[in-house]
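Chains Y and R supply the protein sequences, listed in that same order. Every letter in the first sequence is one number past the one before it in this note's numbering, and letter 74, counting from 1, is 74. Every letter in the second sequence is one number past the one before it in this note's numbering, and letter 374, counting from 1, is 374.
In case anyone wonders, no lab produced these hints; they're calculated from the structure. There's no promise every hint is true.
To be verified - Quick look at which bits of chain Y chain R covers, simulated, 3 or more residues with Cβ under 8 Å: (1) 18-31; (2) 65-77; (3) 137-145; (4) 159-173.
Glycine included, every Cβ here is placed at the ideal spot set by N, Cα and C.
As a plain string of letters, each chain reads:
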Amino acid sequence: MDPFTCHTGTAVPLRRSNVDTDQIIPAVYLKRITRTGFEDGLFRAWRDNDPDFPLEDARYAGATVLVAGPEFGIGSSREHAVWALRDWGFRAVIAPSFGDIFRGNALKEGLVPVELPNPAIGEIWDVVEADPATPVTVDVTTRRVAAAGREWPFPLDDYHRNRLIEGLDDIGLTLRFEADIAAYERSRPAFRPAISRVP
Amino acid sequence: MAGSAHRTLAEKIWDAHVVRSAEGEPDLLYIDLHLLHEVTSPQAFDGLRAASRKVRRPDLTIATEDHNVPTTGITGPGVPLTGPDSPVTDPVSRTQVEALRKNCAEFGVRLHPMGDADQGIVHVIGPQLGLTQPGLTIVCGDSHTSTHGAFGALAFGIGTSEVEHVLATQTLPQGRPATMAVTVDGALGAGVTAKDLVLALIAQVGTGGGRGHVVEYRGSAIRALSMEGRMTVANMSIEWGAKAGMIAPDDTTFSYVEGRPYAPRGAAWEAALDYWRSLPTDPGAEFDVEVRLDAAAVRPFVTWGTNPGQGTGLDGVIPDPDALADEGERHAAERALKYMDLRPGTAMRDIPVDVVFLGSCTNGRLEDLRAAADVLRGRKVAPGVRMLVVPGSAAVRAQAEAEGLDAVFTRAGAEWRFAGCSMCLGMNPDTLSPGQRAASTSNRNFEGRQGRGGRTHLVSPPVAAATAVAGHFAAPADLA
């Protein structure tokens, strides 16, 4: 994953709660075996059926920050939801709360899930709707969001912050502990199931 | 989830799987069982190939074809994937299934393909094969992996990057979640099922109520559930945001596991039992959050909206969004009713349905099929209603046929199909058409989940069957 330190871009207001991953990317797009090129499926049903859907609003073209309501990314574990947002061009999603699996997937891909309280979300929605060109900054190094002269801190633990800044690959990190894994494996109880044990 | 002398079930399993722990870092957890399917694994295998990595423990990894395979035309073992006799007509689906077969062959992973006697929904075959056991850590690139928590395992859904990580290392870095107890005391009333219990719980706590927590379901009503009922409850943990949902193992669990193909035998069984009996939460252990639900107050439940928390009793009416105090909830309810084409004040029983779907990892097991067949026996599906019965696995299908349930369904006018995820998520040809309304025993009523423009109401198997007969939402007791 590419390192992420600080990003400034314009934002799309999505005044909806419980945006589930079936909405972010419908299941029909999950048949693909590739890891990129999912932008065509992003919010497909809403883009097609909802004339007021902000992603289709030319004023928000080129936006890189999505600002949504609570419980963003609930439901299915499909990482395709993160890939679709990333492929569309988003670098960060700001919402009051996220589904746990989506949040984990996003951190793995360098799409920053930013948790801000409801009032801050409301302020950002208002300023972005009033002026879609308003720059919004997501700074992972300082763990702050800035827009229209206001600043808000957001929670991000040191471990994930450092991973984002350095763009580290989790598997490579874990494989440094090969000796620990092998030692653990030697201690596993023999009654644990193994696929090879049944013909 | 802090270490202490008195530990919860979740803490005991967590502690027993820590490979490495360091200040300021997530724990590195060992994974005992990794379940794979065709949809969320191809990119993970590509990642392994790109880095010249192997699957570290193929013996702890098992795969099946469930999400996008058709549920008709499965002629038996070796059913062709290509050619005119293949039931798979969608070339994109075929490519994905081909990729899984190629990946499993290349990396030495056992696969139960279409037509195999052990094929089925990944969360149905794990328990059925006896792979799902108390005390294990179990992951799968599917959010309903929480199902396996019914056995007292720590089981949770992961994304594709994590699938790749587990394939390569058999571990996952995980921050310690908080713990929550959901205590359900009392007895469920006649005709009230585990599905109603969990839908009522979600309506009470909301879709984000469990976020960041491993939940343990406790209390006399949970203890009284069969393993199938427990799996239904644990399965829906993700629908209220929980990291995982668990139920302490007991004699119900042990008698379910005993004798299954991958269950330990002889001295290993005795050793396993000793360990499993040490797992339940210690008296005096504390949970970070406690929630209570009175089982006797739970009624047959139906969702009316577009998230699983938007539901009410079958005896209820469509709520009025204007009566909701919270602006966000009001807005969400207005949107949901518009999508669902429903008006406030309408009685649930007055709402007609077009399709009834019985199946899924939530309610596609034998007990669910039996409950629905008991309602349908000697009755007919209402004119104009299509009912699909999709067993959760090939073995469930075979057992149902041995019991004559297939004849009950077909005589009633329902479709008796082959195993898979099917209309739960509409990745295969089993989908709702735009505007169609379904009573579904699955787990998600999201917009378009079962087919673009489709409208989903989540219900229990007995309510699904009664609704199919009545043509509108109904309980078995409503039928003449």
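**Prompt:** Can you list which hints this structure breaks, lowest number first?
**Reply:** 3
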